[in-house]
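Chains as they are written, first to last, in my numbering: chain A, 1 to 747; chain B, 748 to 1324.
Read the hints as simulated data drawn from the structure, not as lab findings.
It cannot be assumed that every hint is accurate.
Claimed, not checked - List of simulated lysine-lysine pairs, BS3-like, C-alpha gap at most 30 angstroms:
#1 Lys152/A to Lys1208/B
#2 Lys447/A to Lys749/B
#3 Lys347/A to Lys649/A
#4 Lys554/A to Lys1122/B
#5 Lys270/A to Lys172/A
#6 Lys1122/B to Lys549/A
#7 Lys347/A to Lys617/A
#8 Lys109/A to Lys1297/B
#9 Lys1199/B to Lys109/A
#10 Lys552/A to Lys775/B
#11 Lys752/B to Lys483/A
None of the values given here were measured: they were computed from a predicted structure.
So you can see what is in the structure, the chains are spelled out below.
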Amino acid sequence: MSSANSRSQPDYKKTEITMEYKIGIDVGGTFTDFLLTSKDGSSEIFKVLSTPDDPSIGLMEGLAEMAEARNISLKEFIKDIETIVHGTTVTTNAVLTRRGAKTGLLTTKGLRDALEMRRGIREEQYNNRYTNVEPLIPRYLRFPVEERLDYKGDIVTPLKEKDVLDAAKLFKKEGIEAIAICFMNSFANDTHESVAEKIIKEEFGLELGESSQEFDKSGKEPHESSDGHDKSSPYITVSSSFFPSIRFYDRISTTVLNSYVGPILKRYIKSLIKKLIDVGFKGVLLIMQSNGGVVSPQIAMDKAAVTLLSGPAAGPVAGIEYTSVQGYEDCLTIDMGGTSFDAALIKNKTPLVTTEGEINRLRIALPMLGIVTIGAGGGSIGWVDEGGLLRMGPQSAGSKPGPACYDLGGELPTCTDADLVLCYLDKDFFAGGKIPLNYERAERAIKEKIADPLGMDVVEAAAGMYRVINVNMASGVREVSVKRGHDPREFPLVVAGGAGPVHACMIALELEIPVMVIPKESSIFCAAGMLMSDLKHDFIRTYSTSLNKLDKKKFRSLFNEMRKEATELLESENIPEGSIKHIYSLDMRYVKQYHEVNVEMTKDEMERGNIESVVSKFHPEHNRLYGYSLEEVGTPIELINLRLTSIGKTTKPKFKKEEYDELDPSKALKKKRKVYLPLMQAFEEVPVYDGYKLRYGNRVEGPALIEQVNTTTFVTPEYNILCDKYGSYTMYLKTKEKEIKKKVVGA
Amino acid sequence: MKIDKILVSVFQRRFKSITEEMSIVLEKTTRSPILCEAKDFVTGLYDGKGKMLEQTENLPILSFSLGPVCEYIVRYFGDDIHPGDVIFHNDVFSMGNQNNDVAVYKPIFYDDKLIAWSASKGHQADVGGAVAGGYNPRATEVWQETLRIPPIKVYEGGKLRNDVWDLIFANIRFDIVAADMRAQIGSCVVGERGVLKLIEKYGLKVFESHKEYLFDSTEKMMRAEIKTIPNGIYRGESTVYYDGRTPGSKYKIRVKITVEDEEITFDYSDTDPQTDGFVNGTYTSSASATLLTFLQMVNPDMPHNDGMVRPVKIIVPEGTILNAKYPAATTFGNHLCPPNADAIIRALSQAIPKRVTAGWDQLLCYLTSGYDPRKKDSYVDIGFLGLKGGSGATHGVDGYDHIGMIDASGGVLDQDYEMFEQQTPHLLLHHEYWTDSAGAGQWRGGLGVETKFKIGGEKTKVVTFGDGDEEAPFGLFDGKRATLNKIELQYPDGKVYKATSKDLVEDVLEGTILFQQAGGGGGYGNPYLRHPAQVGQEVQNGIISVKKAKEHYGIVIDPETFEVDLKETEKLRKKKK
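Chain A on its own, in the form it takes in the complex (with noise of 0.2 angstroms):
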């Protein structure tokens, strides 16, 4: 299923001589996404259904695809690619679906159960049927080895090496796959854990200074059965050299989810090389991150949990892109797909990270961007609760039975079944008229569930699953920008994903936002956010401190220490030290509060340890962000964690720039269809357009329609479009209309 876009439907001849390619290729739920850029500039949309069991054979079947489209064979094609860049969900789902590696924990002596305790929480407080997670390892896994370190890295208990002995002999005989290693303290002090690592590498037949997970090109290990899979080389991850940051619970469960997923991802990325290689790919594969870069497929395989949660990271890069041509500085950006919601907010062209993540209540500390998902998508499923209110989701029909107007046995009413009794959605041309829509479905399942309990007619109905699902979307957004401090209002809101455009009006409408960007390939917007990210580590160590007392030697060398690591990872993706960008930040808060606010500091603070105007920047800081500061009342601030940040930078696809058109889309006009506008609460014919025939200067006045093959963007009365030359839209309030055009055409 490809379908090339018209607009810039790039020259198939000119392309066997000339070209090389960039791919970006996002692997979901239902679809796998391809953008398939050119170096002229051009660009195509593919999706592949996606393949589940071995997401590489979806991937291979879309590269397929492409060289058929050229009529070229597969290899011809493949020599041709430059760079893939790669966002996958084999973590993810490994750690949603409870199948990743058999993994051990060799813990301190007293605590083995904080992994599975976290923190005791029950998130359900009223709620008596509740369970608790099931721990990635269960206790008898979970090794208890006498040794302790106190606050500050002393030993108190030496390490008492025969427990590892005998943890080893232990996980032999279990046939465990991967080891997580995390004792109390060892950020300070990681002298235990490395004994106890050479240890373990010692009695599973390891060569010192060996890493487990070795990788040659060829995809081949020295000791590696014929199936991929070798017991006798466990994946090992130990605390204190890849999260060594205070907090004993959030380091072991991200130490235990990196162990936990590695020889998932290894086996996937191992024989997703081969196969590349094999029809002779000689590019370069980049693999994407939580943290909104990318990173060679090497690490990543060391870091197997930099790619937890990485599946709508490469949105808000995206986002930048889109916005940034038209001079924003920052952007919001929502993704509203077909079970889920993200939102994600970006500030100074840099994308909201956070520290808090956690994936199905599992605790993951590594910074990622701060992306929230809620479950609304157009197949969330309405419902009426005991009170009689009207309430959309989290439940979604998923595609399987999906909507009920899918016709495929889903009886109940979602957010697309209203969509398309709204009609906003044209029934004879849902995705492209490839999945014909079946209206008397859509109407049955809404009154039945919906109009009837509440006394309401259809169309009442309908456009109360269409307003609250917005609100709820609308909520997720004032949790990115609202609560933490921002708002919305000041933001352009970039739309994406298939249903986004059809709701992106409401939900700004909700928030009061003026203007909103809704690219091109809205509907394989990661795909495209892949194509533009760089490559990007992140590290961290503790150093707890009050500021006064701050020993500027060791603070130096603690970040020397990063920074050196950081230059040496970076070389090894072949980026040069010139290329390479350093971002120095600390985590400060005032003495006895219990969370920290990140500032980022200058190189030049760095260097001489300038400590007096980084505290200058804490204090306004927490005030934005909590509506006070303790400057005044002269409140000491101590020190917690220094973090680095280092981004390689890549070259980007260049995307091709239209000519001016006119102000005058009449070229465009499809036809005319009847809409509810929901203000008006009232059916009224508005103009449908065709996206494709849309061009650079072109103004939609809404109400209007705009439908392309993935994607319908419904412009409500309030609002217009105006196409940029990089055939997005940018959809404003009316009132804005003078200062939209100067941005989009400079007149």
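Keeping the supplied structure of chain A fixed, place chain B upon it in accordance with the hints.
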């Protein structure tokens, strides 16, 4: 006015997200560990009359304590409430629940009309009185426990009343309390902004009418839930052990629950009289306990607003241990929740056997304070990680391990181990599930935990408060009892002191080991019906011993391979049946 039913849903969602935003301010910026770590606070929105619109409860026991005070404040000030006012309150004799829980109320005006309130309440580290922190087992009157703060304007018309501020904080020991009260005011400002934005958008009339409709629909939901309980009168009782003054003292809580179609009444008239110490409840703390226990037996998705409480009647006569008369000491009142819950569960287990749990582990908590020579500063630490035992099992589901007493229900987090060692001079030696602590049953209770740490620093004081060291959590329907709570001090010279449940030990020597056991939850159903393979796995994981597997579950397990001997098991189970 025509009601837009969809807009009602919108309002409900919005109220909820505003109170959540208010809650984040407190979680992220307060400095007392009771607030920022244990999240012992609540934020809420109330209408002009003080009726609850929505709230975010981190600790359920506080959840129904803001509304009654709001209504009291509206009556107290009458028309002397103005934009920019900020009102403090903690007084238990004007509807407060506990002295330490200090509330901030901010009236919200629109077009010069009082239309709503935003409020927050948090457990402050100190409120004056005879001892730091407020827990004073020797107190017999309220003044030995706290500085009483009946409703008082700290800001008037937007201007801080410095004199009032200074008077209050001149009577409170720790500086962080003033800072944390500032955070509470900040939280209310965030709530006020949110409500005003909503009204500006939809207009006051729409707001008022839709709010009433929301109350009505939630009431309907609660009525439907109550209707599923068979009509009748159900009685239950429980025992409160040791009033902190007379060893061996006991008090009974007796509840009579009347279910009549869509209404339910909790009547505590037969409960024992109040104590002469601090083990006494207030009306608000007791009614909160009743509600939070009952809410665990109904649909957990119900919105929390005034409509929810309309069909629920709670009678707690003055002079009983659950509602002490002025000027009694009452700081322990919140902790009467566990025995109160036990009485309710016992009563309702006759009516809705599949929706109640067996008994939960009760609260028994230590608090250490002293001087930390590493930082040349004093510290206070509450033993959150040690106090949480198991929840009671229910039909079809095992109890939840290590979430504690029912008044927190998993809302209080353990200190992170490494942060604990940074912030106190202690060394944590052990913190693990307690083997065989869970009550056996077809569904077992939640596991308790064992905690052991070496006390460091100087001038160390250990305070304990709680219960559950005399009577273990009960099982239901042939389920077994769980284990008792215990706190003991193991001194460097080898002597051991077992603390009482309301104790104060001063000058504890460095190197002393504090050992605590928090019990498990009670089991539900006959343990002989539990699947042998499941018990086999639990034995392999070391949370049930081979011995207890045989004794309680009638399951024979090989201690080496952890395999279940099915033949022997069958034999044993037959014999004992």
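Okay, the hints, checked on the actual structure:
1. Straight-line distance between C-alpha atoms of Lys152/A and Lys1208/B comes to about 25 angstroms, which keeps the hinted pair within the 30 angstroms bound.
2. Taking the CA atoms of Lys447/A and Lys749/B, the gap is near 22 angstroms; set against the 30 angstroms cutoff, the hint holds.
3. Of the pairs offered as hints, the one joining Lys347/A and Lys649/A holds, with about 20 angstroms between alpha carbons and a cut-off of 30 angstroms not exceeded.
4. At most 30 angstroms may separate the alpha-carbon atoms for a hinted pair to count; Lys554/A and Lys1122/B meet this at roughly 20 angstroms.
5. For a cut-off of 30 angstroms, the pair hint linking Lys270/A to Lys172/A stands: about 24 angstroms separates their Cα positions.
6. The suggested pairing of Lys1122/B with Lys549/A holds, with an alpha-carbon distance near 11 angstroms, which does not exceed 30 angstroms.
7. Proposed proximity of Lys347/A and Lys617/A is supported: the alpha carbons are some 17 angstroms apart, at most 30 angstroms.
8. Restraint check: the Cα-Cα separation between Lys109/A and Lys1297/B comes to about 28 angstroms, which is no more than 30 angstroms; the hinted pair holds.
9. Using a Cα cut-off of 30 angstroms, the hinted pair Lys1199/B and Lys109/A holds, with the two alpha carbons roughly 12 angstroms apart.
10. Among the hinted pairs, Lys552/A with Lys775/B is consistent with the structure: their alpha-carbon atoms are about 28 angstroms apart, no more than 30 angstroms.
11. Between the alpha carbons of Lys752/B and Lys483/A the distance comes to roughly 27 angstroms, so the proposed pair stays at or under 30 angstroms and holds.
Going through the hint list in order, the structure satisfies each hint without exception.
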